[in-house]
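Protein chains in written order, with the working numbering: chain A, 30 to 366; chain B, 30 to 366; chain C, 30 to 366; chain D, 30 to 366.
Because the hints were derived from the structure by calculation, they are not lab data. Each hint should be verified, as a subset may be incorrect.
One copy or two, either will do: identical chains are not told apart, so a pair holds if it fits within one copy or between any two.
Unchecked claim - No more than 27 Å apart at the CA atoms, straight line, and that leaves these computed lysine-lysine pairs for DSSO-like:
1. LYS48 / LYS148
2. LYS48 / LYS118
3. LYS35 / LYS65
4. LYS177 / LYS107
5. LYS353 / LYS99
6. LYS96 / LYS35
7. LYS40 / LYS96
8. LYS96 / LYS183
9. LYS183 / LYS147
10. LYS231 / LYS49
11. LYS356 / LYS122
Number of protein chains: 4
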Amino acid sequence: MIIVMKPYATKEEIANVEKKLVNLGFTTHPIYGEIKTVIGAIGDKTRVEASNFSNMAGVEAIVPIMKPYKLVGKELQKEPTIVDVEGVKFGGKELVIIAGPCAIENEEQIYSVARSIKKSGAKILRGGAFKPRTSPYSFQGLEEEGLKLLHRVKEDLELLVITEVVDTRDVELVSQYSDILQIGARNMQNFRLLSECGKTQKPVLLKRGLSSTIEEWLMAAEYILSAGNPRVILCERGIRTFETATRNTLDINAVAVVKELSHLPIIADPSHGTGNWRYVSAASRAFIAAGADGLIVEVHPDPDNATSDGPQSLRPEMFDDLMKVLKPIAEAVGRVL
Amino acid sequence: MIIVMKPYATKEEIANVEKKLVNLGFTTHPIYGEIKTVIGAIGDKTRVEASNFSNMAGVEAIVPIMKPYKLVGKELQKEPTIVDVEGVKFGGKELVIIAGPCAIENEEQIYSVARSIKKSGAKILRGGAFKPRTSPYSFQGLEEEGLKLLHRVKEDLELLVITEVVDTRDVELVSQYSDILQIGARNMQNFRLLSECGKTQKPVLLKRGLSSTIEEWLMAAEYILSAGNPRVILCERGIRTFETATRNTLDINAVAVVKELSHLPIIADPSHGTGNWRYVSAASRAFIAAGADGLIVEVHPDPDNATSDGPQSLRPEMFDDLMKVLKPIAEAVGRVL
Amino acid sequence: MIIVMKPYATKEEIANVEKKLVNLGFTTHPIYGEIKTVIGAIGDKTRVEASNFSNMAGVEAIVPIMKPYKLVGKELQKEPTIVDVEGVKFGGKELVIIAGPCAIENEEQIYSVARSIKKSGAKILRGGAFKPRTSPYSFQGLEEEGLKLLHRVKEDLELLVITEVVDTRDVELVSQYSDILQIGARNMQNFRLLSECGKTQKPVLLKRGLSSTIEEWLMAAEYILSAGNPRVILCERGIRTFETATRNTLDINAVAVVKELSHLPIIADPSHGTGNWRYVSAASRAFIAAGADGLIVEVHPDPDNATSDGPQSLRPEMFDDLMKVLKPIAEAVGRVL
Amino acid sequence: MIIVMKPYATKEEIANVEKKLVNLGFTTHPIYGEIKTVIGAIGDKTRVEASNFSNMAGVEAIVPIMKPYKLVGKELQKEPTIVDVEGVKFGGKELVIIAGPCAIENEEQIYSVARSIKKSGAKILRGGAFKPRTSPYSFQGLEEEGLKLLHRVKEDLELLVITEVVDTRDVELVSQYSDILQIGARNMQNFRLLSECGKTQKPVLLKRGLSSTIEEWLMAAEYILSAGNPRVILCERGIRTFETATRNTLDINAVAVVKELSHLPIIADPSHGTGNWRYVSAASRAFIAAGADGLIVEVHPDPDNATSDGPQSLRPEMFDDLMKVLKPIAEAVGRVL
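Isolated chain A (complex conformation):
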């Protein structure tokens, strides 16, 4: 790290910082400018302890040099990670499309969606059994009954399934029924839940938090990897900004940034990222063109009567159209759909 001293810091102030660095096992490399001195510190220390210098007399700022993550970064692993879920591969040449309703509502609904999305080419069915809702008075999901329905669909239709886990106490239960554990945006920094999912052998889809920087998102993934589970798929789903014309602002740049900083695969959620079915196709096309490894799209047979997220759900026929539109774009960027 680099410690920037205030203008005209005294010799004593500089010496005190150096002394503390040395005591902590760093070697120090001061550079004396006309106005400011900066001290380079080399050693195996994390950013957190570095913050202890910022209170010292004469210190203006601390500049970390090393990235705070290790396992998710490219320093230890240069080639992209391919997350293989029973033969469906995230991060390979073939794009992976996940589709399905926001919430599992009943047998008819989930079977109907599952059949249609499979026909259109989706490989994985999504469906929420535990729903994190802003209001305590909203539908909270079918819970275990929903998980069982999802599992039956999986077996009957030979589709992989994904569902969200919202409580550390449910990780084991959800793992029994779901092929992938989904961690939602509001839980991206629920560190206990991250660690708990990290202890399973299930792949984890990690959504970006509403107000999380890309670095914080990678640090959340680091929690899962450092707990022993390397199979993490990142999912950009829009961040919160001042714009209110859409539910969230999709950070299209996130794909290229993540691909530069990390080896993990990244997909996008155009449904939450827009909040409006009219914009889902444009967002989907954009993310595939930008290099995303797949999509997770909300599809509902009857959006007007959905228990949640109706306004952003595609009808099955719209989803089928979308898949057709995406095909040539995928090919234009060297991918297969």
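Dock chains B, C and D against chain A, hints included.
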């Protein structure tokens, strides 16, 4: 709610919306403008179901009229709630100051801080035993050992104590040791944790999420109240914006807005809200002047060697000075410190 | 508009609001709910005057129903506007690519870029003569000398040119040399400059402000149209958010939203939208896939020695590669490049 | 500045960066870590040119060490600047309160407000003659007629006056009538306007831009100072965030940050900062407690019929109450009102 139809929506489109409303138990009141028609709908329905109309042909927007919260709002309770924690009252004439270290580190540290803040006039000691940290490699807290230390201080020094709970599985444990359950910013929409805390008899300090609107914050409090626990104290701790000169942007307006919309008490966290001890005094003065019911301030005997949040911690003597500065401001706004 | 009264507003309060509405020429349509009354008001009034009601006793909120813009919206003009600049058409089937350096630096530089981008297929050359710079100590542009250089390139190489105007006093001067007037992000709400450009016969490229909502952006365009100039091209160039991994956050949703709300063409600026040449290709692909009508891309023969925006400039050979990659994506969405 | 090389950058890459630095007149100080090398560069160069290194092979990031501003910072001037406007001093022990309507509407209105605010203790009358409005269809101000009215009030009632200038072409005109030139939030980075005001002898009130960092705000002030005018007063008026309960989010931390970084005085605008008269008192109290040097408050004799900003305007009697409430808070922080 009000349903705004698109310009020149057809008679049939309008009729379909009215029909659906009537089927759901609403009475409808259409207003025909020259270009747009709006339909007023009266009935006992929540905002969520309203979203099912936004996909219908001819519909432009849905405008909810009723606030989504009930128990935290002023419609059912006009007079301010006073949260009484063993005689210390949040929301009364007397301000409540909570102080202490970010994390409990060892016996000497926590006793030393506790003694000094008590002498300066703080009524409640803070200290984290379970720490939510951005990095898995950072100090995560002393866990149960920390809780026990906190409890010993409480008994020995006759101070109330508050500590954070980060996992549904720990709610019962933390309740045994702490007088108040603290829910941190990153868990403000951990709805399971909210419900679990709502089932206890402990007062809950609910911090505002980094990117949560005031309405979402009140909805999070509604989760706790609707689970049966009316003793919620709100805590503004800064929101995330584009400004990087401070760790967060303290929303000073939140005090007046919350006081207008809700009967719950609200305090502020100037330490996380600034991220820099140099700015803690100004922020503290501002919140007391704006009408906050108290503060929660980080104090550490040796910030340079703190395991976390050193840069934003006051030394005990600075905290003592702060308390003296706050006194006349409290009086200027009709409060007592 | 709709006026929402507070819960249990008195009859007198309701009557006062109705009286004021009637005096202002509205007809009123009150809807009495159990708890709240809302008053629908029909008449030819703008949003601004509506704000005068929000102070009245018993009033909770004002909900405007009509969009605040007229000329840029789709109510008066449903078909897309095609802005024809000497035969180059923004908003038609063919995409328009603008390319060139951030700033015109000297004859050699601008001729060299112009030749290469023309060869790669760009139709319009960009180059700043008046540069709005954050620091007064940075290079501020060649001013009129730059305009003259740009004009010579235009005549010699038969390329259209675009350059930014930053001062009402320069509008006439810039109009003499440039085919399109560019209004930068920081001037999006420089209303005098908008009006002045609206009085010319030149097409105007209007960049979105760093923190402007799409509605404010359309209102800025309305200034130009209402001054008599219908030839406005919108340009998404990224908004300011908390994310610091990129210079700005490109709002990919803006394309679909603008296409729904307005008939004006919209292009994107992947250079300012990312701030990093490594991400320019991904962003460009995304915007074309999302349906943008073109791009404005920074290209410099020697980015390492550029006077400004070097880090986000493509070298000519990279730009050539980009054009090739964009071609099949354009075709996949029914466009031509 | 510090140049951070990528992990395992080659010797040649490091040598190339060093060579370029030396050619530009820097002395270089490389520090070789195990994984990354950083190069300290000492010399008299600005941040802008530094950006030319970020494209070089092997370079990861550039970290500027010196602040980009000179004249507004504390390195050259440690003691606070006091801006003296005909005896009224911004930045001294006495607080300065500016009050008046958003827009000058007519003789009766402006005289009536002026008399009342003077009686309540305000020293300076505000009133807009040129109004920057989001909509071209809104009232745009009385222009020169308004300036003349303002000037008559000034002479008749012996009050200082301030009004906004929105166009470089008006700077001379406005200077004839107004004691202080106000630059609004939307023009904070209208660099030509900044320079033009910098060439006058008039004090300038510089509002913070809606999405401007404190550093950018100080750089805008640097434009004025570097053009020769040292009399700048900063004004925090709220920034744009995701929160919609208030018109803007007041950055209360800005006072302490500005006081640490700059010698310029800073006041606050609680009217635009809240957008709601109900919250103006709380915000005013907060800023005085935090150490602001004054306030600018919107006061209107009849807010319900104001041509603009009615909802955030205080009635004269409310303003009088506010002044009384602020007095003891000012005293509590060592100031006089």
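Cross-check of the supplied hints:
1. LYS48 / LYS148: neither (68 Å within a copy, 34 Å between copies)
2. LYS48 / LYS118: The answer is neither: 52 Å in one copy and 46 Å across copies each exceed 27 Å.
3. LYS35 / LYS65: both (6 Å within a copy, 25 Å between copies)
4. LYS177 / LYS107: neither (39 Å within a copy, 46 Å between copies)
5. LYS353 / LYS99: Neither. Shortest intra-copy (39 Å) and inter-copy (36 Å) distances fail the 27 Å Cα cut-off.
6. LYS96 / LYS35: Classified as both; 25 Å inside a copy, 11 Å across copies.
7. LYS40 / LYS96: between (30 Å within a copy, 21 Å between copies)
8. LYS96 / LYS183: So LYS96 and LYS183 fail the 27 Å test inside a copy (40 Å) and across (40 Å) alike.
9. LYS183 / LYS147: Answer is within; shortest intra-copy Cα gap is 11 Å, inter-copy 55 Å.
10. LYS231 / LYS49: neither (44 Å within a copy, 43 Å between copies)
11. LYS356 / LYS122: both (13 Å within a copy, 21 Å between copies)
Comparing the model with each numbered hint stated earlier shows that hints 1, 2, 4, 5, 8 and 10 do not hold.
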